[in-house]
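K.L.:
One-letter residues, chain by chain:
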Amino acid sequence: EAAVTQSPRNKVAVTGGKVTLSCNQTNNHNNMYWYRQDTGHGLRLIHYSYGAGSTEKGDIPDGYKASRPSQENFSLILELATPSQTSVYFCASGRDRGSAETLYFGSGTRLTVL
Amino acid sequence: TQTVSQSDAHVTVFEGDSVELRCNYSYGGSIYLSWYIQHHGHGLQFLLKYYSGNPVVQGVNGFEAEFSKSDSSFHLRKASVHWSDSAVYFCAVSSNTNKVVFGTGTRLQVLP
Numbered sequence: 001e002a003a004v005t006q007s008p009r010n011k012v013a014v015t016g017g018k019v020t021l022s023c024n025q026t027n028n029h030n031n032m033y034w035y036r037q038d039t040g041h042g043l044r045l046i047h048y049s050y051g052a053g054s055t056e057k058g059d060i061p062d063g064y065k066a067s068r069p070s071q072e073n074f075s076l077i078l079e080l081a082t083p084s085q086t087s088v089y090f091c092a093s094g095r096d097r098g099s100a101e102t103l104y105f106g107s108g109t110r111l112t113v114l
Numbered sequence: 001t002q003t004v005s006q007s008d009a010h011v012t013v014f015e016g017d018s019v020e021l022r023c024n025y026s027y028g029g030s031i032y033l034s035w036y037i038q039h040h041g042h043g044l045q046f047l048l049k050y051y052s053g054n055p056v057v058q059g060v061n062g063f064e065a066e067f068s069k070s071d072s073s074f075h076l077r078k079a080s081v082h083w084s085d086s087a088v089y090f091c092a093v094s095s096n097t098n099k100v101v102f103g104t105g106t107r108l109q110v111l112p
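Chains Y and C, in that order, are what the protein sequence lines are. Sequential numbering of the first sequence, starting at 1, is according to the numbering used here. Sequential numbering of the second sequence, starting at 1, is according to the numbering used here.
Isolated chain Y, as found in the complex:
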């Protein structure tokens, strides 16, 4: 079965600090995604990648950067964390671009920015 692992599971950061959320997948999928989940908004796409070395902006990229150094790893970086970035973050991987793609999700990272 597909495996997507996120770390850390929980993170508390201070305003203005740098935060890195990590994601590792063992599915050999080309595509990886970062979403945030907030009450009333469902899942919103922050950044995504179609392969190692590439990243694309999603629907809400402001305040976030992404890095895809390898097929397996996809990081989300908050250079200057703000309280509005307090949320639950999910990483997902997928094999097919758009169309009939099925996404495989990690268990999430709960980030609190004080």
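Derived from the structure by calculation, the hints contain no laboratory data. All of these numbers come straight from a predicted model, not from anything done at the bench. Glycine residues also receive a C-beta, built at the ideal position from the N, C-alpha and C atoms. Hints should not be assumed to be uniformly reliable.
With a Cα cut of at most 16 Å, we get these calculated EDC-like pairs of lysine to aspartate or glutamate [stated by the list, open to error]: (1) Lys-18(Y) <-> Glu-79(Y); (2) Lys-99(C) <-> Asp-96(Y); (3) Lys-49(C) <-> Asp-96(Y); (4) Lys-65(Y) <-> Glu-79(Y); (5) Lys-99(C) <-> Asp-59(Y).
Examples of chain C residues toward chain Y, derived with CB under 7 Å [said to hold, decoys possible]: (6) His-42; (7) Gly-43; (8) Phe-46; (9) Lys-99; (10) Gly-103; (11) Thr-104; (12) Gly-105.
Coverage of chain Y stretches by chain C, computed from C-beta distances (three or more under 8 Å per stretch; other residues unrestricted) [what the hints assert, rightly or not]: (13) 32-43; (14) 106-113.
Chain Y is fixed; fit chain C onto it per the hints.
P.N.:
Just chain C, lined up with the frame of chain Y:
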């Protein structure tokens, strides 16, 4: 741009009842529709999807969904729910050129 709407934020039923979770979409071209389930504290898991053919698609654990082009809907149904079906359910839409877009989710609570 495709959009997806889940009008019910919460649905409460008793164990053994049938349930329908509603999903409506808007998009003019060919689309793919999916349902995902999220148990508390976990990531989303794929349930089922539709692109073409039989408008009724079967998923895991007795779930099925029916596509209706005239109603722009893709409602999820289960004939007899179990307490373990309590979770948040997300409808999602995607097209050949666009990314997956999720609805806001419906929290299903199954009472004993």
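K.L.:
Against this structure, judge whether each hint is valid.
P.N.:
Do the hints match the structure? See the list:
no. : hint                    : in the structure
1   : Lys-18(Y) <-> Glu-79(Y) : holds, 5 Å
2   : Lys-99(C) <-> Asp-96(Y) : holds, 11 Å
3   : Lys-49(C) <-> Asp-96(Y) : holds, 14 Å
4   : Lys-65(Y) <-> Glu-79(Y) : holds, 8 Å
5   : Lys-99(C) <-> Asp-59(Y) : holds, 10 Å
6   : His-42                  : holds, 6 Å
7   : Gly-43                  : holds, 3 Å
8   : Phe-46                  : holds, 5 Å
9   : Lys-99                  : holds, 6 Å
10  : Gly-103                 : holds, 6 Å
11  : Thr-104                 : holds, 4 Å
12  : Gly-105                 : holds, 5 Å
13  : 32-43                   : holds (count 6)
14  : 106-113                 : holds (count 3)
Of the numbered hints stated above, none is contradicted by the structure.
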